[in-house]
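In case you want the letters, here they are:
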Amino acid sequence: MSYIVGTLINIVIVMLIFSALAGLGTYFERKVLAFMQRRLGPMVVGPYGLLQIAADGIKLFTKEDIIPQNVVAKIFRIAPVITAATAFMAAAAIPFLPDFEIFGIKVHPIISDINIAILYILGVMGVGLYGLLLGGMASANKWSLISSARAAAVFISYEVVTGLSILAPIMMVGSLSLVDFNNYQAEHGWLVFSQPVAFVLFWIAAFAETGRTPFHLIANDHEIIDGFGTEYSGMRWGLFFIGEYANMFFISFVIPLIFLGGFGDGSFLGALIFLLKVSFFFFFFLWTRAAWPDIRPDQLMWLCWKVLMPLAVINVVITGIVMM
Amino acid sequence: MSEIKMFEDRNVGEGYYKIDIDSYPTTPWEKFKRVVKRSLKGELFVGLWVVLREMIKFNIHTVQYPLEKMPIGPRYRAVHQMKRLWESGTERCIGCGLCEKICISNCIRMETRYDENQRKEVSEYSINLGRCIFCGYCAEVCPELAITHGGEYENCSEQREHFILYDDMLTPIDMVLNKQQKEFEGFGAVTPNEDARLKKTPLAY
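Residue numbers (this note's numbering), protein chains in the order written: chain A, 1 to 324; chain B, 1001 to 1205.
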């Protein structure tokens, strides 16, 4: 019984924190991009524009929810929910912090330490792309349709790279649980030193997974308007947005956990450094958006299938030979 | 002939140079080599460094408009002003009606009468800013430099017809006597911060 209550509390806290962080993420993105382009970003609403998030939230919640005439209404309605829900479901297997004690209660900041955590996270995050795919196809809009086709192309490209690149570290650790990954690295040193290729490949694939700038081709504003989001308005569009930013945060947690030692031995300092690593990876998502151009869908497929996948396979083979 | 040549060669500024652009690869192997070269040359990191440098320098160029305003050039043609004579403070407008005549959008209307000294004075004068295209003909044609354009460009209104009257445009008498009236600086006048803003352009006009 206490397990159920504790888990429910965990779920609520994670939901609340990351919904708020998704909003805050948009604020950070606008500010960071603005500073990198010699602008100021949001400044008017609240001190340094901090309340811009609240203003945007009010706008999104109160805006009319338009279902256009020729869309497939059921799928059109459910698509944003898929994206947002799967993004948060993926968080279930991520240990956000080491176990700690507060007011005599032992807190496990992980909702469920399942033994197939990585498979679960990658799988559920992968399902998130169905939101974009279905939303775009149901929209009765050419731009959205192109965006759906691109989503499918991205989907079949990066998933292979993600899976194969993560295989070598899994072989070394011998477990799929992220907590085991963390403990292994606390003992044997960070995996990025023994698996640098896998680290880079997984990082690149993470950009495709979250649809961030070098691979921001599913919702490329300057090419296909907002892609799948063209016909959406109000909170349904906002759910896509929350899903995207929550995904960015969760993948920023996953990369340091798998490759950069996670929270180490579980001390307070380790947890603090872990959060710093997470912030760096989140910042890097924004940083690349200011610095790098987008690539075409065919270039992404070329990259994933002809460069990254062979590299990942070679990496797995070499790791296997070394481990024998 | 030589003069035409001079104008054809527009890239005369020093410090401009042409970038070497490699010929595009045609075979798959050449394409692959280009990708490898680009990946390993660190071009991506140059881009990352440039934007990070700008972020750290924090050299923000934003003008937070309603709170901060750029100085406006003296040649800018915004809402009109009516000037007075410096010494006596009498109105410069002699009611000749040239501005009304030349106005191509027909937005100036004026009525005149003789005052007690048998001089012409303006009894009614209005400019419809909704019609005005701010072409500057009225200020150009004025023989007395009475009507000029000011720098007041914030003239939003609730309706399309937005009339401005003589008294609104006229410099207050105490401003003239305190020598605070701003004179039109002439057609060659430059913006106050022009030196700081000026950049060399590659065109040799």
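Bear in mind the hints are in silico, worked out from the structure with no lab data behind them.
The structure displayed is predicted, hence computed values, not measured ones.
Note that CB positions come from ideal geometry on N, CA and C, so glycine has one too.
Incorrect hints may appear among the rest.
[Said to hold, decoys possible] Examples of chain B residues toward chain A, derived with CB under 8 Å:
#1 L1048
#2 M1055
#3 Q1064
[Claimed, not checked] Here are the simulated SDA-like cross-link-like pairs (lysine to any residue), alpha carbons at most 20 Å apart as the crow flies:
#4 B:K1101 with B:K1120
#5 A:K63 with A:Q52
#6 B:K1033 with A:P310
#7 B:K1041 with A:K74
#8 B:K1033 with A:M235
#9 B:K1037 with A:Q299
#10 A:K277 with B:L1052
#11 A:K74 with A:M235
#12 B:K1033 with A:I295
#13 B:K1069 with B:R1197
#14 B:K1057 with A:A291
#15 B:K1057 with A:G41
#16 B:K1101 with B:F1163
#17 A:K306 with B:K1031
#18 B:K1033 with A:V307
#19 B:K1041 with A:M235
#20 A:K277 with A:D294
#21 A:K306 with B:P1028
#22 B:K1057 with A:V32
#23 B:K1037 with A:Y27
#24 B:K1041 with B:E1030
#25 B:K1037 with A:D294
#26 B:K1057 with A:F284
#27 B:K1179 with B:G1150
[Said to hold, decoys possible] Simulated coverage check for chain B against chain A, where a stretch passes if three residues somewhere in it have a Cβ under 8 Å from a Cβ of chain A:
#28 1034 to 1047
#29 1056 to 1063
These are the hints, each one checked on the structure:
no.: 1; hint: L1048; result: holds (5 Å)
no.: 2; hint: M1055; result: holds (4 Å)
no.: 3; hint: Q1064; result: holds (6 Å)
no.: 4; hint: B:K1101 with B:K1120; result: holds (17 Å)
no.: 5; hint: A:K63 with A:Q52; result: holds (16 Å)
no.: 6; hint: B:K1033 with A:P310; result: holds (16 Å)
no.: 7; hint: B:K1041 with A:K74; result: violated (50 Å)
no.: 8; hint: B:K1033 with A:M235; result: violated (47 Å)
no.: 9; hint: B:K1037 with A:Q299; result: holds (16 Å)
no.: 10; hint: A:K277 with B:L1052; result: holds (18 Å)
no.: 11; hint: A:K74 with A:M235; result: holds (16 Å)
no.: 12; hint: B:K1033 with A:I295; result: holds (18 Å)
no.: 13; hint: B:K1069 with B:R1197; result: holds (15 Å)
no.: 14; hint: B:K1057 with A:A291; result: holds (16 Å)
no.: 15; hint: B:K1057 with A:G41; result: holds (16 Å)
no.: 16; hint: B:K1101 with B:F1163; result: holds (18 Å)
no.: 17; hint: A:K306 with B:K1031; result: holds (12 Å)
no.: 18; hint: B:K1033 with A:V307; result: holds (12 Å)
no.: 19; hint: B:K1041 with A:M235; result: violated (44 Å)
no.: 20; hint: A:K277 with A:D294; result: violated (25 Å)
no.: 21; hint: A:K306 with B:P1028; result: holds (12 Å)
no.: 22; hint: B:K1057 with A:V32; result: holds (13 Å)
no.: 23; hint: B:K1037 with A:Y27; result: violated (36 Å)
no.: 24; hint: B:K1041 with B:E1030; result: holds (16 Å)
no.: 25; hint: B:K1037 with A:D294; result: holds (19 Å)
no.: 26; hint: B:K1057 with A:F284; result: holds (18 Å)
no.: 27; hint: B:K1179 with B:G1150; result: holds (17 Å)
no.: 28; hint: 1034 to 1047; result: holds (count 3)
no.: 29; hint: 1056 to 1063; result: holds (count 5)
When held up to the earlier numbered hints, the structure conflicts with 7, 8, 19, 20, 23 and fits the remainder.
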